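Enquirer: The chain contents come next:
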Amino acid sequence: MKTNKFKDTEHLWRVALVFAAGIIVFVLVRAVLVPRSFGEYGHYRGNALTDIAAKPVVFAGHQACETCHSDILAVKKDGKHVGVNCEACHGALAAHAGDPGTIQPPKLDTAVLCVRCHQANAAKPKDFPQIDAQEHSSGLPCETCHQPHSPLKGLGAKP
Amino acid sequence: MNISRRQMLILLPAAAVAWEAVLAGTPEASPNYKLTEHWWGMLVDIDKCIGCGNCVRACATENDVPEGYFRTWVERYHVSDYDMANPVVDSPNGGKNGFPPVLESGGKDFFVPKMCNHCADSPCTQVCPVGATFISPDGVVLVDKTYCIGCRYCIQACPYGCRFLNPKTHTAEKCTLCYHRITKGLTTACCEACPTGARQLADLKNPNDPIHAYLRTHEVQVLKPYMATGAKLFYHDLDGSVR
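Chains A and B supply the protein sequences, listed in that same order.
Per the numbering used here, the very first residue in the first sequence carries number 1; after that it's consecutive.
Per the numbering used here, the very first residue in the second sequence carries number 1; after that it's consecutive.
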């Protein structure tokens, strides 16, 4: 009888087909599961950058405030608070900047606000103006004497 | 129309790729922002920090940080001149409501604002098993929360303790350096709200940024330099006792 050492090739073809099918399934599943932008910049989803950057801002930024409130800017200009941005005291106001007509900034309470920065604390820098609120004003609101936008104006104090 | 088996095999992957494009949608681009033109960092001037907590509150407002968790926080150090190596550190509610009066006498007291150092060689991104956290081409360490599986490796890896697991989404969360603001030409919420200018956003690739003049003329340190993380949160006037 003639011997054929390749008589079982049929089995090999079946295994090869199973492998080929497996590879095709892998490629298809991978194409569905891996986002297109994965690997655009590195081993991560490139579109994550645009997703994170698309979040709306809550603090408008002092540039936005200054486009309308130039009068306040003029008061602040020569005062001690010239470097303090509007939203440091007034809070996040991107909503107001986007719709100034209907959304009004909340009224501020100087009794809470001023002491946040100016209440004496040994850990604060020594050259930063600090007071003991009780001793300094015996409970009077700060704006009785100080204009918050230019706190030493009209007080005859050293500039 | 007859499609042979061979044509079908060629068409299937192509259809899958096309379907993926449909699912992904068109990303919203910031038109004038070029990733390759920036390399972000931050400057903190300890000498100017008054511990008011404005940065902590602003960050929480801007980024919906859950109560009790912090993307930035302020620590108060009390360093006794008899025991420099063991400073007493407190940070009540992350400094969000300011600080009570200093109780210990003697030695020195100062505030240290802390946040993500946006390391150029960050340990947290190296351990992520799924590619959910990464350093963006403009030098900001970010988390893709749609990819994060909440395994917490990155939280353990951060030498500065800047990450936490969001209790609602169960994904890792951290300072994004207000990526949604800086890509629009604004500064970060913490810098915007800082009344003394103790925090300054710095673009290290922009030769006109004042950071370059500052770095040339001042003594500046980063935290844990021996870990070679390439930290980009620069501290001026940092005491050696700060950990």
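Treat the hints with caution; some may be incorrect.
Each computed EDC-like pair below joins lysine to aspartate or glutamate, with the alpha-carbon atoms no more than 16 Å apart [unchecked claim]:
| no. | chain 1 | residue 1 | chain 2 | residue 2 |
| --- | --- | --- | --- | --- |
| 1 | A | Lys126 | B | Asp237 |
| 2 | B | Lys48 | A | Asp127 |
| 3 | B | Lys34 | A | Glu40 |
| 4 | A | Lys126 | B | Asp47 |
| 5 | A | Lys107 | A | Glu143 |
| 6 | A | Lys55 | B | Asp64 |
| 7 | B | Lys108 | B | Asp203 |
| 8 | B | Lys184 | A | Asp51 |
| 9 | B | Lys96 | B | Asp83 |
| 10 | B | Lys145 | A | Asp51 |
| 11 | A | Lys126 | B | Asp203 |
| 12 | A | Lys80 | A | Asp127 |
| 13 | B | Lys34 | B | Asp109 |
| 14 | B | Lys108 | A | Asp8 |
A partial selection of chain A residues facing chain B, derived with a Cβ cut-off under 7 Å [unchecked claim]:
| no. | residue |
| --- | --- |
| 15 | Ala53 |
| 16 | Val58 |
| 17 | Lys76 |
| 18 | Glu87 |
| 19 | Leu113 |
| 20 | Lys126 |
| 21 | Pro129 |
| 22 | Cys142 |
Derived coverage of chain B by chain A (criterion: at least 3 residues anywhere in the stretch with Cβ under 8 Å from a Cβ of chain A; other residues may be distant) [to be verified]:
| no. | stretch |
| --- | --- |
| 23 | 52-59 |
| 24 | 82-93 |
| 25 | 109-121 |
| 26 | 159-173 |
| 27 | 183-194 |
If you are wondering where the hints come from, they were derived from the structure by calculation, not from laboratory data.
Treat the numbers as computed from the prediction; the structure is a model and nothing was measured.
Backbone N, C-alpha and C define an ideal beta-carbon position, used for all residues, glycine too.
Enquirer: Now tell me, hint by hint, if it's right for this structure.
Expert: Here is how each hint holds up against the structure:
Between Lys126 (chain A) and Asp237 (chain B) the alpha-carbon distance is near 14 Å, which keeps this suggested pair within the 16 Å criterion. This hinted pair checks out: Lys48 (chain B) and Asp127 (chain A) have alpha carbons roughly 9 Å apart, not beyond 16 Å. Proposed proximity of Lys34 (chain B) and Glu40 (chain A) is supported: the alpha carbons are some 15 Å apart, at most 16 Å. A C-alpha spacing of about 9 Å is found between Lys126 (chain A) and Asp47 (chain B), which places the hinted pair at or below 16 Å, so the restraint holds.
Distance check on the hinted pair: Lys107 (chain A) and Glu143 (chain A) sit about 13 Å apart at the alpha-carbon level, within 16 Å; holds. Straight-line distance between C-alpha atoms of Lys55 (chain A) and Asp64 (chain B) comes to about 11 Å, which keeps the hinted pair within the 16 Å bound. For the hint pairing Lys108 (chain B) with Asp203 (chain B), the CA-to-CA distance comes to about 32 Å; that exceeds 16 Å, so the pair is violated. Taken as a hint, the Lys184 (chain B) and Asp51 (chain A) pair is honoured in the structure, with Cα atoms around 14 Å apart against an allowance of 16 Å.
Taking the CA atoms of Lys96 (chain B) and Asp83 (chain B), the gap is about 28 Å. The hint is violated against a cut of 16 Å. For a cut-off of 16 Å, the pair hint linking Lys145 (chain B) to Asp51 (chain A) stands: about 10 Å separates their Cα positions. Restraint check for Lys126 (chain A) and Asp203 (chain B): the C-alpha separation of about 30 Å exceeds 16 Å, so the hint is violated. Note on Lys80 (chain A) and Asp127 (chain A): the hinted pairing holds, with a Cα-Cα distance of about 13 Å set against a maximum of 16 Å.
Under the criterion of a C-alpha separation no larger than 16 Å, the hint pairing Lys34 (chain B) with Asp109 (chain B) is inconsistent with the structure, at around 42 Å. Under the criterion of a C-alpha separation no larger than 16 Å, the hint pairing Lys108 (chain B) with Asp8 (chain A) is inconsistent with the structure, at around 87 Å. Taking 7 Å as the C-beta contact cut-off toward chain B, the hint placing Ala53 (chain A) at the interface holds, the least distance being around 4 Å. Look at Val58 (chain A): its Cβ gets to within about 5 Å of chain B, closer than 7 Å, so that hint holds up.
Checking Lys76 (chain A) against chain B by beta carbon gives a least distance of about 12 Å; that is not within 7 Å, so the hint is violated. Interface hint at Glu87 (chain A): satisfied, since its Cβ lies 6 Å from the closest Cβ of chain B, which is below the 7 Å cut-off. Because the smallest distance between the Cβ of Leu113 (chain A) and any Cβ of chain B comes to about 10 Å, over 7 Å, the interface hint for this residue is violated. Taking 7 Å as the C-beta contact cut-off toward chain B, the hint placing Lys126 (chain A) at the interface is violated, the least distance being around 10 Å.
Using the Cβ-Cβ criterion of 7 Å, the hint placing Pro129 (chain A) at the interface with chain B is not satisfied: the shortest such distance is roughly 10 Å. At its closest, the beta carbon of Cys142 (chain A) sits 15 Å from a beta carbon of chain B; the interface hint therefore is violated under the 7 Å criterion. Chain A is given as covering the stretch 52-59 of chain B, and this holds because 4 residues of the stretch bring a CB closer than 8 Å to a CB of that chain, at least three being needed. With 0 residues bearing a CB less than 8 Å from a CB of chain A, the stretch 82-93 of chain B misses the requirement of three and the coverage assertion fails.
Counting residues of the stretch 109-121 of chain B whose C-beta lies closer than 8 Å to any C-beta of chain A gives 3; at least three are required, and the coverage claim holds. Figure legend: the stretch 159-173 of chain B, annotated as covered by chain A; annotation inconsistent (0 residues with Cβ-Cβ distances under 8 Å, at least 3 required). Using a Cβ-Cβ cut-off of 8 Å, 8 residues of the stretch 183-194 of chain B lie near chain A, which meets the minimum of three, so the contact claim holds.
Hints 7, 9, 11, 13, 14, 17, 19, 20, 21, 22, 24, 26, counting from the list given before, are not met by this structure.
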